[in-house]
Amino acid sequence: MKRIRQWPLHLMLLPGVVLVFIFAYVPMAGAIIAFKKFRPSKGIWNSEWVGWENFRYVFTLPDTMQVIWNTLYISSMKIVTGLVVPIVVAIMLNEVRKLVFKRTVQTLVYLPHFLSWVIIGSILVDMLSPSGGIVNKIIVALGGSPIYFLGSNTWFPFTLVVSNIWKEFGYGTIVYLAAITAINPTLYEAARVDGAGRFRQIWHITLPGMLPVIVLMGVLSLGNVLNAGFEQVFVLYSPAVYDSGDVLDTFVYRLGFIDMQYDVSTAVGLFKSAVSFVLICVSYWLAYRYANYRIF
Amino acid sequence: MKLGRRTFDIVNYVLLSLMGVACLFPVLHLLAISFSGAAPVSAGEVVIWPKDFTLSAYRFTLQKAEFLTATSVSVLRVILGCSLNMLLTMLIAYPLSKESVLRFRTGYVWYFVFTMLFSGGMIPTYLVVKDLGLLDTIWALVLPGAVPIFNVVLMLNFFRGIPKELEEAAFMDGAGYVSALFRIYAPLSLPVLATTGLFTFVTHWNSWFDGLIYNNSMSHYPLSTYLQTLQVTLNLNNLTAEQVMTFIQVNQQNAKAAQIFLSLVPIIAVYPFLQRYLVQGMVIGGVKE
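From first to last, the protein sequence lines stand for chains W and Z.
Going by the working numbering, the first residue of the first sequence is number 86, and it counts up by one from there.
Going by the working numbering, the first residue of the second sequence is number 35, and it counts up by one from there.
Since the hints were made in silico from the structure, they are not lab data.
Note that CB positions come from ideal geometry on N, CA and C, so glycine has one too.
Incorrect hints may appear among the rest.
To be verified - Stretch-level coverage of chain W by chain Z, calculated; a stretch enters the list once three of its residues show a Cβ under 8 Å from a Cβ in chain Z:
| hint | region |
| --- | --- |
| 1 | 103-111 |
| 2 | 156-162 |
| 3 | 203-209 |
| 4 | 240-246 |
| 5 | 340-352 |
Stated by the list, open to error - Label-pair ranges, simulated between beta-carbon atoms:
| hint | chain 1 | residue 1 | chain 2 | residue 2 | range |
| --- | --- | --- | --- | --- | --- |
| 6 | Z | P225 | W | R182 | 25 to 33 Å |
| 7 | W | V135 | Z | V135 | 45 to 53 Å |
| 8 | Z | F307 | W | T145 | 36 to 44 Å |
| 9 | W | R182 | Z | L110 | 17 to 25 Å |
| 10 | W | G128 | Z | R137 | 31 to 39 Å |
| 11 | W | N131 | Z | F148 | 24 to 32 Å |
| 12 | W | L168 | Z | M206 | 17 to 25 Å |
| 13 | W | M345 | Z | A72 | 36 to 44 Å |
| 14 | W | P147 | Z | L96 | 17 to 25 Å |
| 15 | Z | Q309 | W | K127 | 50 to 58 Å |
| 16 | Z | R137 | W | V103 | 14 to 22 Å |
| 17 | Z | A220 | W | P270 | 52 to 60 Å |
| 18 | Z | A220 | W | A281 | 24 to 32 Å |
| 19 | Z | K164 | W | W137 | 41 to 49 Å |
As the list claims (entries may be wrong) - Below 30 Å or equal to it, Euclidean Cα-Cα: the simulated BS3-like pairs (lysine-lysine) are:
| hint | chain 1 | residue 1 | chain 2 | residue 2 |
| --- | --- | --- | --- | --- |
| 20 | W | K222 | Z | K85 |
| 21 | Z | K164 | W | K122 |
| 22 | W | K127 | Z | K85 |
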């Protein structure tokens with residue numbers, strides 16, 4: 086094939102390149118206000134340099150270490166449950182022989198993924214209310230005392246993790262179900278001939294068959310260590326649970342939009358972006374090295 | 035042995051049914067509340083069947099100016115945002131799928147993918163949107179996310195699987211790249227177009243945080259941002275007088291439920307299609323040679 090004209094291809098890319106430049110690369114450059122004392126009257130470029138001052142200030146705040154700890158605690162619980170629950174459910178779905186039943190369950194469990202946290206948040210606030218919420222009514226009916234799921238520091242992280250499982254477990258099964266369909270069916274026949282029951286088939290064939298995908302998903306989730314789920318926390322938290330529920334992203338939001346400390350907020354955001362960037366690079370490198378995975 | 039298998043099946047079916055019910059229950063609960071009278075709702079008597087059946091919550095909602103304004107903002111946002119997203123996704127994915135033809139391809143790919151790995155953060159992005167004068171306009175909700183990189187990757191991988199001979203024949207007949215893209219590639223890529231289109235739709239319809247920070251006036255809020263301001267967990271100190279008024283007016287639980295349920299209607303309407311293309315698009319788009 087002869088070399089065809091280049092410029093129309095570059096022209097097609099141009100609008101996307103320009104928009105990404107404005108809304109992704111210019112903000113990256115704008116993040117230098119993390120090293121400046123930002124004054125709105127002077128703008129980003131003319132505000133004076135203060136070096137690492139904003140970072141130093143953030144780490145003298147009593148809340149900062151607590152926020153980092155909360156972030157790590159919540160995100161790691163989400164990462165672990167986000168791996169285990171979908172794997173188990175995918176295996177359970179795979180054992181279902183009645184196709185209509187399987188499809189119905191799949192239709193139902195994928196649904197919450199497509200609802201926004203605003204919607205789920207409002208529903209949860211009603212359902213978990215200590216006075217009249219349906220969950221606490223059940224707890225009381227069973228002889229317990231009402232639990233303030235969204236207002237107690239003991240329960241809040243737990244509520245976050247469970248509601249996150251509820252929203253995402255169904256959607257998470259998709260990738261594992263796809264991996265299971267790729268397993269050679271003759272392996273199961275051979276196992277049955279050898280007298281292996283359901284559990285032995287799951288243990289010796291299904292799980293090893295899923296292993297590459299499990300490893301891949303596990304490695305890629307490493308990049309989320311500092312993502313505790315901004316939108317979820319934002320719609321569910323309140324000052325009463327800052328001690329257990331305030332995470333880096335909500336901290337950045339409040340520093341920036343409530344306290345109007347643009348420079349300090351950017352410093353915290355930049356700290357998060359930089360650490361996440363390293364983690365993502367490591368996870369992609371591991372995924373490439375051990376699972377032969379490439380994003381493009 | 036046989037008994038063990040039966041027990042396994044029964045337990046499995048029961049557990050999966052419970053999971054299915056658990057995923058549907060909150061939506062049914064919401065629906066029941068929206069059709070119930072205010073008194074049984076605040077007494078916590080409504081589970082999944084309406085009590086004191088009434089349409090008053092819906093009548094109230096459909097006459098509420100704020101709800102209708104927010105809905106129209108959301109509709110406009112979806113129309114503008116989705117068209118722009120789809121057009122840009124195709125215009126970027128097509129050249130990038132030409133590995134041996136496009137010069138600087140690796141450079142372009144890294145240029146786009148890097149934005150998935152690193153970001154300037156909330157405040158610097160806000161300052162850009164502000165300095166461009168986009169605050170309180172629909173463009174603040176549409177332009178910053180105009181290039182959905184993940185969708186580009188999905189489509190790019192799909193385009194690679196389309197035989198080159200098809201467009202080469204078209205080039206012989208004098209067609210250009212643009213007509214190759216829209217006349218040959220697009221019609222052959224319906225599964226991935228459907229997947230990315232539906233994802234974009236859901237994303238735009240559900241997004242609320244950008245609506246919150248890029249608008250000063252509530253009259254520019256899209257529906258999901260407006261719904262967020264109705265939340266009881268909100269700290270009243272952070273609200274403007276205008277917001278507090280709205281908050282008091284609509285803090286009837288059944289009215290809130292009606293508004294939330296109405297906002298779910300488009301999602302539920304596209305959900306069957308979403309589900310059909312979901313697996314197909316994800317699997318095909320993710321396949322690499």
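A quick look at each hint next to the structure:
no. : hint                          : in the structure
1   : 103-111                       : holds (count 7)
2   : 156-162                       : violated (count 0)
3   : 203-209                       : holds (count 7)
4   : 240-246                       : violated (count 0)
5   : 340-352                       : holds (count 6)
6   : P225(Z) / R182(W): 25 to 33 Å : holds (28 Å)
7   : V135(W) / V135(Z): 45 to 53 Å : holds (49 Å)
8   : F307(Z) / T145(W): 36 to 44 Å : violated (53 Å)
9   : R182(W) / L110(Z): 17 to 25 Å : violated (48 Å)
10  : G128(W) / R137(Z): 31 to 39 Å : holds (37 Å)
11  : N131(W) / F148(Z): 24 to 32 Å : holds (28 Å)
12  : L168(W) / M206(Z): 17 to 25 Å : violated (51 Å)
13  : M345(W) / A72(Z): 36 to 44 Å  : holds (39 Å)
14  : P147(W) / L96(Z): 17 to 25 Å  : violated (49 Å)
15  : Q309(Z) / K127(W): 50 to 58 Å : holds (52 Å)
16  : R137(Z) / V103(W): 14 to 22 Å : holds (19 Å)
17  : A220(Z) / P270(W): 52 to 60 Å : violated (36 Å)
18  : A220(Z) / A281(W): 24 to 32 Å : violated (49 Å)
19  : K164(Z) / W137(W): 41 to 49 Å : violated (26 Å)
20  : K222(W) / K85(Z)              : holds (17 Å)
21  : K164(Z) / K122(W)             : holds (19 Å)
22  : K127(W) / K85(Z)              : violated (60 Å)
Checked against the numbered hints above, the structure breaks hints 2, 4, 8, 9, 12, 14, 17, 18, 19, 22 and satisfies the rest.
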